[in-house]
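Chemist: The primary structure of each chain is shown beneath.
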Amino acid sequence: MNSVSRYFRNIWKGIWTILVGMKITMRHLFTPAVTIQYPDARMAIPERGRNRLYVNMDDCIGCNQCGMACPVDCITIDTAKSLPTEDLGVTSTGQKKRLWVTKFDIDFAKCCYCGLCVPPCPTECIYMTDVYEFSEYDRKNLVYNFTTLTPEEAEAKVAQAKEADREAAAKKAAAAAAQKAAQAQSQPVTQPAGSQPSAIQAQPSAPAQKSAPQPVTPPAAAKPETQAALVSQDPASKDDKPVNPNEIKTNPKDPTD
Amino acid sequence: MHNFITYYLGSGLLGSVVSSLLPFVWVMTYALVAIYLELKVSAHMQDRLGPMRTGRWHGWAQPLADVTKLMQKEDTIPAAADKALYVLAPVLVFVGSYAAYAAIPFSPAYIGSNINLGIFYIIAVSAIVVLGILMAGWASNNKWSLLGAMRTAAQLVSYEIPSSLAVLAVVMVVGSFNLNDVCAAQSGWFWNWFVFGKFPFLFITFIIYFTASLAETNRAPFDIPEAESELVAGYHTEYSGMRFAVFFLAEYANMFTVAAVASVLFFGGWNSPFGTFMSGPIWGVFWLISKGMALVFVQMWLRWTLPRFRVDQLMYLSWKILTPFALFNIFAVGLWMVLRG
Numbered sequence: 001m002n003s004v005s006r007y008f009r010n011i012w013k014g015i016w017t018i019l020v021g022m023k024i025t026m027r028h029l030f031t032p033a034v035t036i037q038y039p040d041a042r043m044a045i046p047e048r049g050r051n052r053l054y055v056n057m058d059d060c061i062g063c064n065q066c067g068m069a070c071p072v073d074c075i076t077i078d079t080a081k082s083l084p085t086e087d088l089g090v091t092s093t094g095q096k097k098r099l100w101v102t103k104f105d106i107d108f109a110k111c112c113y114c115g116l117c118v119p120p121c122p123t124e125c126i127y128m129t130d131v132y133e134f135s136e137y138d139r140k141n142l143v144y145n146f147t148t149l150t151p152e153e154a155e156a157k158v159a160q161a162k163e164a165d166r167e168a169a170a171k172k173a174a175a176a177a178a179q180k181a182a183q184a185q186s187q188p189v190t191q192p193a194g195s196q197p198s199a200i201q202a203q204p205s206a207p208a209q210k211s212a213p214q215p216v217t218p219p220a221a222a223k224p225e226t227q228a229a230l231v232s233q234d235p236a237s238k239d240d241k242p243v244n245p246n247e248i249k250t251n252p253k254d255p256t257d
Numbered sequence: 001m002h003n004f005i006t007y008y009l010g011s012g013l014l015g016s017v018v019s020s021l022l023p024f025v026w027v028m029t030y031a032l033v034a035i036y037l038e039l040k041v042s043a044h045m046q047d048r049l050g051p052m053r054t055g056r057w058h059g060w061a062q063p064l065a066d067v068t069k070l071m072q073k074e075d076t077i078p079a080a081a082d083k084a085l086y087v088l089a090p091v092l093v094f095v096g097s098y099a100a101y102a103a104i105p106f107s108p109a110y111i112g113s114n115i116n117l118g119i120f121y122i123i124a125v126s127a128i129v130v131l132g133i134l135m136a137g138w139a140s141n142n143k144w145s146l147l148g149a150m151r152t153a154a155q156l157v158s159y160e161i162p163s164s165l166a167v168l169a170v171v172m173v174v175g176s177f178n179l180n181d182v183c184a185a186q187s188g189w190f191w192n193w194f195v196f197g198k199f200p201f202l203f204i205t206f207i208i209y210f211t212a213s214l215a216e217t218n219r220a221p222f223d224i225p226e227a228e229s230e231l232v233a234g235y236h237t238e239y240s241g242m243r244f245a246v247f248f249l250a251e252y253a254n255m256f257t258v259a260a261v262a263s264v265l266f267f268g269g270w271n272s273p274f275g276t277f278m279s280g281p282i283w284g285v286f287w288l289i290s291k292g293m294a295l296v297f298v299q300m301w302l303r304w305t306l307p308r309f310r311v312d313q314l315m316y317l318s319w320k321i322l323t324p325f326a327l328f329n330i331f332a333v334g335l336w337m338v339l340r341g
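First to last, the protein sequences are chains A and B.
Positions 1 to 257 (the numbering used here) are the ones given, in order, by the first sequence.
Positions 1 to 341 (the numbering used here) are the ones given, in order, by the second sequence.
So that you can see chain A by itself, here it is in the shape it has in the complex (with noise of 0.2 Å):
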């Protein structure tokens, strides 16, 4: 191919690839946009978007599965025991509600929306809205506020709960007390009865003689001891620190919205 050829061939594809280009052009002035206007028009949310958290607070048993779950500690969970006189009602899964839920605070300027606290949920009561839009102006507003009680009213279940604690630790001690001194009671009456007579030289046998009781003992003393322990690894007083009711802090914004 010669320079001339090359020249003139030169010029023609530049004119019809303008053309080409004309074309392709002309035929997206006419296609339609792909923006969507947002405020006005939304993109729908995929099926399983994770967006913002929601608590149906009706189905909640307080048993702060999501709280441990969550990478961020965004969750937090205070519950107070109820008395066996309340009835809280049943879940929607038939579970019994046992708990008072006195705080469930989830802070959405922690929260990386991993999602993984709601698989762990017993009753399926935590889950992903299709709500994306809640900035605020101040980061405290953030800090959702899911339970149903009332500051007051959370202080008063605390309270309570304290005080059927109280009550049933007393009741405790007073029965071990009662047992301790029907045993103190029983064993001089057998005593007496059996080494009277050797009380000083069955002494060093003593410890022989002891051990025989002890295993009787110890579970009794013991057992008001392990249902306490039972009462402080429930969630109500599990970080061993008391409720504080200005903690709970109450959100401006429903949030159910």
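These aren't lab readings, by the way, just hints derived from the structure by calculation.
Computed from a prediction, not measured in an experiment: that's the story for all the values here.
Glycine included, C-beta positions come from ideal geometry on N, C-alpha and C.
Each hint should be verified, as a subset may be incorrect.
[Said to hold, decoys possible] FRET-style restraints, in silico, Cβ to Cβ:
{"#": "1", "chain 1": "A", "residue 1": "I18", "chain 2": "B", "residue 2": "D82", "range": "38 to 48 Å"}
{"#": "2", "chain 1": "B", "residue 1": "Y7", "chain 2": "A", "residue 2": "T17", "range": "30 to 40 Å"}
{"#": "3", "chain 1": "B", "residue 1": "P78", "chain 2": "A", "residue 2": "G21", "range": "31 to 41 Å"}
{"#": "4", "chain 1": "B", "residue 1": "G55", "chain 2": "A", "residue 2": "R6", "range": "46 to 56 Å"}
{"#": "5", "chain 1": "B", "residue 1": "E230", "chain 2": "A", "residue 2": "E124", "range": "53 to 63 Å"}
Chain A is fixed; fit chain B onto it per the hints.
Modeler: Using the frame of chain A, we list chain B on its own:
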């Protein structure tokens, strides 16, 4: 028109002022429309929507908002700038662009100055723009501005040659530099237009003129003087507020000037495409403006189609393609006239 205004106002000076401001009214309205058109055309060619909020209906008030913003903006003059030249440059650029409107025949009855050398005057007065741009680039005391200005000077001077030669071919056919005569020579139906005359030579001439005029208005694909990705904004890098707006206005005024000249030279100017149907002094304005706006649209269309030229490609196109073809066209048209009249 000028005589009528003068007669109506009863004073020669006042009449001259009013009739010389008439195209300015047009340029201002046209600039607003063209800015809106540019925003929308560019957006839709890229499958976007462009401005949609300002003024509720499809962002129609966006250019108004832009102009208001530019007027409010602080007018900064760099400390190291040559103040006098810096202030003078945008005025000079706009004067160069606006002066061309004096010889554009908006209708058979309205032409700013019905001089014999109409098109020659337009080419000559447009050259002032180069001076203004060089002035702006030099006075800004900024390397990008200076580079942009030098590129502009090289580009405008190179492309004036093919565009003038292209105009010359038409002038040979008409036998007059007066743009009113050029229009009158194409009266009748649209097949009398010069794009279809002496086929294909005047059509090639039109392509040459249009390409060269794109380069003269500094628009893509010939926008290397203000190439954003290389030179920030070229010669108007340092300008802000109203002074920048004047540059912008001058560019848009220039776009319409070359489009109007192209429509006068090749598309019959104020002539109706359908013989005597819808023709007359008032319709003349309509036809010239719609033809001009159609060509402005083509300029925008090309802008969003083609990538920017390299400087060597720019010079190659001007000196090795457009200029030889324009010369050949003059020869071919001349031969045609000698042989077939």
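Chemist: Given a hinted range of 30 to 40 Å, is it respected by the beta-carbon distance of B:Y7 and A:T17?
Modeler: violated (55 Å)
Chemist: Can the suggested window of 46 to 56 Å be confirmed for the beta-carbon pair B:G55 and A:R6?
Modeler: holds (53 Å)
Chemist: Do the Cβ positions of A:I18 and B:D82 conform to the proposed distance bound of 38 to 48 Å?
Modeler: holds (41 Å)
Chemist: Range hint 53 to 63 Å: satisfied by the CB atoms of B:E230 and A:E124?
Modeler: holds (59 Å)
Chemist: Given the range 31 to 41 Å, decide if the beta-carbon distance of B:P78 to A:G21 lies inside it.
Modeler: holds (39 Å)
Consistency with the previously given hints fails for number 2 only.
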